[in-house]
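Its first residue numbered 1, the sequence shown is counted upward by one per residue in full-length UniProt numbering.
Hints in this document: simulated from the structure, not taken from any laboratory. Mixed in with the good hints there might be a few duds.
Said to hold, decoys possible - Dumping the calculated DSS-like pairs for lysine-lysine here, alpha-carbon to alpha-carbon at most 27 Å:
1) Lys165 <-> Lys234
2) Lys130 <-> Lys54
3) Lys187 <-> Lys237
4) Lys54 <-> Lys74
5) Lys4 <-> Lys48
6) Lys277 <-> Lys130
7) Lys58 <-> Lys48
8) Lys256 <-> Lys187
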Amino acid sequence: SKRKSLCKICGNPAFGNHFGVLSCRACAAFFRRTNVDGETFCPIGNCKIDKHGKFYCKKCRLRICLEAGMDANKFQHDRDLISTSTSESSDSSGSFSFSQRSKVPKSMANFLGRPAFILSCEPDKASKVKTIVDVTFLINQAFDIFGNVDRKRFSSNSNLGRMTKKFEDLQNEKSSNLSTIKVLGLKESMIFWEQDFLRTARWLSHFDEFQELPLSIRMQILKVAWILWGRLDKLVKTANERKNQQLNQNFYMIGKDVGIDIGNFEVDVSWCTNYSKEQLA
Numbered sequence: 001s002k003r004k005s006l007c008k009i010c011g012n013p014a015f016g017n018h019f020g021v022l023s024c025r026a027c028a029a030f031f032r033r034t035n036v037d038g039e040t041f042c043p044i045g046n047c048k049i050d051k052h053g054k055f056y057c058k059k060c061r062l063r064i065c066l067e068a069g070m071d072a073n074k075f076q077h078d079r080d081l082i083s084t085s086t087s088e089s090s091d092s093s094g095s096f097s098f099s100q101r102s103k104v105p106k107s108m109a110n111f112l113g114r115p116a117f118i119l120s121c122e123p124d125k126a127s128k129v130k131t132i133v134d135v136t137f138l139i140n141q142a143f144d145i146f147g148n149v150d151r152k153r154f155s156s157n158s159n160l161g162r163m164t165k166k167f168e169d170l171q172n173e174k175s176s177n178l179s180t181i182k183v184l185g186l187k188e189s190m191i192f193w194e195q196d197f198l199r200t201a202r203w204l205s206h207f208d209e210f211q212e213l214p215l216s217i218r219m220q221i222l223k224v225a226w227i228l229w230g231r232l233d234k235l236v237k238t239a240n241e242r243k244n245q246q247l248n249q250n251f252y253m254i255g256k257d258v259g260i261d262i263g264n265f266e267v268d269v270s271w272c273t274n275y276s277k278e279q280l281a
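With the hints as extra help, turn the sequences into a complete structure.
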């Protein structure tokens, strides 16, 4: 059988030539991350290596690396293409310039300041009026929910148990009538967003560690979590309604006791943009 080469530093099996010396990966990694310019003197000067090739003295290990011929000048930098470090480049004139690899890629969306899906739209149709929606009343309702948590119905000892029961309770909050809408506009969007925001607040309020956080932090978490939680909530309700009422695969729940048939459904975007649906598609 072919005889294995041994590391010149520790005597373990070698894995190629590293920094000018046949060595194992462990010794190569040690030399790569060690400050070669630092103090390499050890008072003992000849610390032993155990039978498994392990060093107990880093200074003696570094000394052996240097004596074997490892050269720090052979370090290779900036090999990682995703590195965010500054790289040095040369232009045709011979002068050097520095560029950051972490720069945002150049694109028409960045240049024009518009999302990619409306790049080809007419600029004169872009609205220059910003609409601000006052949701103070909604924030106040969330504050009330966080401050008045009803735990009597959920006696589970664990947070997960209480949150699971609360989620099931929210899923069961429905009337006997399920309606279908054919147009989703401003009024409908605001109603459904309000429902999602408050339902998320009610669900989070049954998490003890969440309730121990400062009120401002709880509100920040709610602000970033309600959209995703609302989507998951609707998917669960959709699955339940399809199972219980044998609805077709085109039916989706979009709010409390309200659903849509995506085969017979229209979105009115005139309240939030001057672009047509065709331009936004």
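Subject >> Unmet hints by their number, sorted upward, for this structure >> reply: 2
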